[in-house]
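Chains as they are written, first to last, in full-length UniProt numbering: chain A, 1 to 276; chain B, 1 to 297.
Keep in mind that the hints are not guaranteed to be accurate.
[As the list claims (entries may be wrong)] Rough simulated footprint, nothing fancy, chain B against chain A, three-plus residues with beta-carbon under 8 Å:
#: 1; segment: 96-103
#: 2; segment: 213-227
[Stated by the list, open to error] Taking lysine-lysine pairs in the BS3-like style, the calculated list, with each CA pair at most 25 Å apart, reads:
#: 3; chain 1: A; residue 1: Lys-162; chain 2: A; residue 2: Lys-263
#: 4; chain 1: B; residue 1: Lys-104; chain 2: A; residue 2: Lys-263
#: 5; chain 1: B; residue 1: Lys-247; chain 2: A; residue 2: Lys-231
[Unchecked claim] One side of the interface only, derived from the structure: several residues of chain B facing chain A at Cβ under 7 Å:
#: 6; residue: Met-10
#: 7; residue: Thr-14
#: 8; residue: Phe-15
#: 9; residue: Thr-25
#: 10; residue: Leu-29
#: 11; residue: Leu-37
#: 12; residue: Ile-58
#: 13; residue: Leu-60
#: 14; residue: Val-121
#: 15; residue: Phe-138
#: 16; residue: Leu-265
These are calculated hints, taken from the structure and not from any lab test.
Beta carbons are placed, not taken as given, at the ideal position from N, Cα and C, and that holds for glycine.
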Amino acid sequence: MQRRNILSVIVMHGVLIIVALIMIVPFVWMVLTSFKTVGESVQLDPFVFFPSEIRMEAFTRVFTTNNFLNLYKNTLLMIAFRILCAVITASMAGFAFGRLHFRGSDIAFSLVLIQMMIPPQIFIIPQYQMISRMGMTNTIFALVFPGLVTAFGTFLMRQAYKMLPKDLEEAAKLDGLNIGKTFLLILAPLTKSSLIALSVFTAVFAYKDLMWPMIVNPSKDALVLASALAKMKGQYVSNYPELMAASLIACVPMIILYFIFQKQFIEGIATSGGKL
Amino acid sequence: MKNRSLRSAMTTNTFLWGWALILPTVIGLLVLNIIPLIATIYQSFHKTGDFGKGNIFIGLKNFQKLFSDDAVLQSIINTIKYTIAQVPFSVIIALILAVMLNKKIRGRSIYRTIYFMPMVVAPAAIAMVWRWLYNSEFGLINNLFNLNVNWISNPSIAVFSIAIIGIWSDIGYNMILFLAGLQEVPKDYYEAADLDGASAVQSFVHITVPMISPILFFVIVTRMIAAMQVFDTIFMVMERSNPALYKTQSLVFLFYQSSFVERDLGYGSTIVVVLLMIIMFITALQMIAQKKWVHYN
Numbered sequence: 001m002q003r004r005n006i007l008s009v010i011v012m013h014g015v016l017i018i019v020a021l022i023m024i025v026p027f028v029w030m031v032l033t034s035f036k037t038v039g040e041s042v043q044l045d046p047f048v049f050f051p052s053e054i055r056m057e058a059f060t061r062v063f064t065t066n067n068f069l070n071l072y073k074n075t076l077l078m079i080a081f082r083i084l085c086a087v088i089t090a091s092m093a094g095f096a097f098g099r100l101h102f103r104g105s106d107i108a109f110s111l112v113l114i115q116m117m118i119p120p121q122i123f124i125i126p127q128y129q130m131i132s133r134m135g136m137t138n139t140i141f142a143l144v145f146p147g148l149v150t151a152f153g154t155f156l157m158r159q160a161y162k163m164l165p166k167d168l169e170e171a172a173k174l175d176g177l178n179i180g181k182t183f184l185l186i187l188a189p190l191t192k193s194s195l196i197a198l199s200v201f202t203a204v205f206a207y208k209d210l211m212w213p214m215i216v217n218p219s220k221d222a223l224v225l226a227s228a229l230a231k232m233k234g235q236y237v238s239n240y241p242e243l244m245a246a247s248l249i250a251c252v253p254m255i256i257l258y259f260i261f262q263k264q265f266i267e268g269i270a271t272s273g274g275k276l
Numbered sequence: 001m002k003n004r005s006l007r008s009a010m011t012t013n014t015f016l017w018g019w020a021l022i023l024p025t026v027i028g029l030l031v032l033n034i035i036p037l038i039a040t041i042y043q044s045f046h047k048t049g050d051f052g053k054g055n056i057f058i059g060l061k062n063f064q065k066l067f068s069d070d071a072v073l074q075s076i077i078n079t080i081k082y083t084i085a086q087v088p089f090s091v092i093i094a095l096i097l098a099v100m101l102n103k104k105i106r107g108r109s110i111y112r113t114i115y116f117m118p119m120v121v122a123p124a125a126i127a128m129v130w131r132w133l134y135n136s137e138f139g140l141i142n143n144l145f146n147l148n149v150n151w152i153s154n155p156s157i158a159v160f161s162i163a164i165i166g167i168w169s170d171i172g173y174n175m176i177l178f179l180a181g182l183q184e185v186p187k188d189y190y191e192a193a194d195l196d197g198a199s200a201v202q203s204f205v206h207i208t209v210p211m212i213s214p215i216l217f218f219v220i221v222t223r224m225i226a227a228m229q230v231f232d233t234i235f236m237v238m239e240r241s242n243p244a245l246y247k248t249q250s251l252v253f254l255f256y257q258s259s260f261v262e263r264d265l266g267y268g269s270t271i272v273v274v275l276l277m278i279i280m281f282i283t284a285l286q287m288i289a290q291k292k293w294v295h296y297n
């Protein structure tokens, strides 16, 4: 019995390690390639696994020719404004839907459910036409536009407010607080963990999105990391050290954040309801 | 009497506060989602004039064109092939890994961290790396295993190579959801099964699967909906000149192509309306089928 247990633990670790390797190898290969010369990257007989020395040339070239600082800035602003909008509008609506009983709230909430059920590509053409008619293409506003309000975030925050204890409002009323103050001073601070989850989800979602930035912000100065990678794909056709360096520069900040805030990331993304 | 007017004043008060708080979201959803939904359906019955101006009503012509357009029909097949390959594997592998990690095993959190990592990387970057791994001449995969496979330029396998990227990306995410479900299953169920001499496989089939069937159902439905919308990996991996493009491009890829490259917004709308109908149809089928295998307690 004991031996069987040890054997099964070994087999399990074997499987888990093999899968872990499969998950890691693409990242390792990205790093290794980015330090190689183009010659090394396409050398066969013998096939080269490791770069002969750590070269930063691909990084410096990619970094300067593509103005990565600007790409970081655009991406960061898009993420920051989307989080701000999501946190404010979803908290307000989430509180109202979760704690207040008022006429019309059911119909209004059905809008949230409709949005969540429909594939987002349906909205893209008219959203693009609006941005285009406003003359707002190639702006940060265009990047934030579809995220000004969030159906999913509203849903998430409604759940969060629903789960808070019932007697909080009674206590607030005894203290003479009106509904607005009860919301802001008593209830909102208690939804911190859901707000963190919402922020993480919003950030990762915005950062990963490719189609919308490509459509509304095609000009060179208005690109974000994802859409810049799409453009470089055509530029560097087969200069893989530079393509890998660019990919690495694009994904390192998020990976570092992930390692620091693992718990929040996993919870935040896990609550995203399959939207990622 | 006084009491009643007080109550009605309170109701009015709540009504005003409620609507004031939901107003930004309601207006936003109307402008950003509900009106666009109607506009897209409206445009699918129209032809986009030159320079994107002047819609001309053409009835069902776009839909007729679509259903006799070989590229669209092929893209529907491609999308279904991708979904059939991507969803079952990413779900089954994730479930097996979740069951293993649910045991008291060393390094749990390290494994979890590693498996989940693709979730925080932009698909654009992931696709770029896989394109390099798949490279037929200088790619790691062919050289490591001494193969000579044209992973992404052979029309009969390219769509599955794309699906592998999707499986690789989703395993960690699905696994996290399953782990959350598995932690709810009472441990004494397994102990009882153990006493009755049930094997690991038997307790998996008769305890684990029924107990987590609601989560399993949720994951399968959401992953299928997501798979039907595949775009990023195909867009990043497949070159315009790739001979396998025709047999890999998805419905959303064609939607992007028609709407924003060829600028035919009417036809693009039609494609995306068809996508909506296909997704709703599949979701409805699953809602019916779930009665047979999903157990809510």
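Hint by hint, here is what the structure shows:
1. With a threshold of 8 Å between beta carbons, the proposed coverage of the segment 96-103 of chain A by chain B holds, since 6 of its residues qualify and at least three are required.
2. Coverage of a stretch by a chain is defined here by at least three residues with a beta carbon nearer than 8 Å to that chain's beta carbons; for the segment 213-227 of chain A and chain B the count is 5, and the condition holds.
3. The straight-line distance between the Cα atoms of Lys-162/A and Lys-263/A is roughly 23 Å, inside the 25 Å bound, and the hint therefore holds.
4. Proximity of Lys-104/B to Lys-263/A is assessed by CA-CA distance (about 19 Å); at most 25 Å being required, the pair is judged to hold.
5. About 23 Å separates the Cα atoms of Lys-247/B and Lys-231/A, which keeps this hinted pair within 25 Å; it holds.
6. Violation of the interface hint for Met-10/B is found here, the shortest Cβ-Cβ separation to chain A being roughly 10 Å, above the 7 Å cut-off.
7. Because the smallest distance between the Cβ of Thr-14/B and any Cβ of chain A comes to about 5 Å, under 7 Å, the interface hint for this residue holds.
8. About 4 Å separates the beta-carbon of Phe-15/B from the nearest beta-carbon of chain A, less than 7 Å, and the hint is met.
9. For Thr-25/B, the interface hint holds, the least distance from its beta-carbon to any beta-carbon of chain A being 4 Å, beneath 7 Å.
10. Against a cut-off of 7 Å between C-beta atoms, the interface hint on Leu-29/B holds, since the closest Cβ of chain A lies about 5 Å away.
11. For the restraint placing Leu-37/B at the interface with chain A, the shortest Cβ-Cβ distance is roughly 6 Å, inside the 7 Å limit, so the hint holds.
12. Using the Cβ-Cβ criterion of 7 Å, the hint placing Ile-58/B at the interface with chain A is not satisfied: the shortest such distance is roughly 17 Å.
13. The interface hint given for Leu-60/B is violated, since its Cβ lies 19 Å from the closest Cβ of chain A, which is over the 7 Å cut-off.
14. With its C-beta approaching chain A no nearer than about 5 Å, Val-121/B sits inside the 7 Å limit, and its interface hint holds.
15. Annotation: interface hint on Phe-138/B holds; nearest CB of chain A at approximately 5 Å, less than 7 Å.
16. Because the smallest distance between the Cβ of Leu-265/B and any Cβ of chain A comes to about 5 Å, under 7 Å, the interface hint for this residue holds.
Consistency note: the structure conflicts with the earlier hints numbered 6, 12 and 13.
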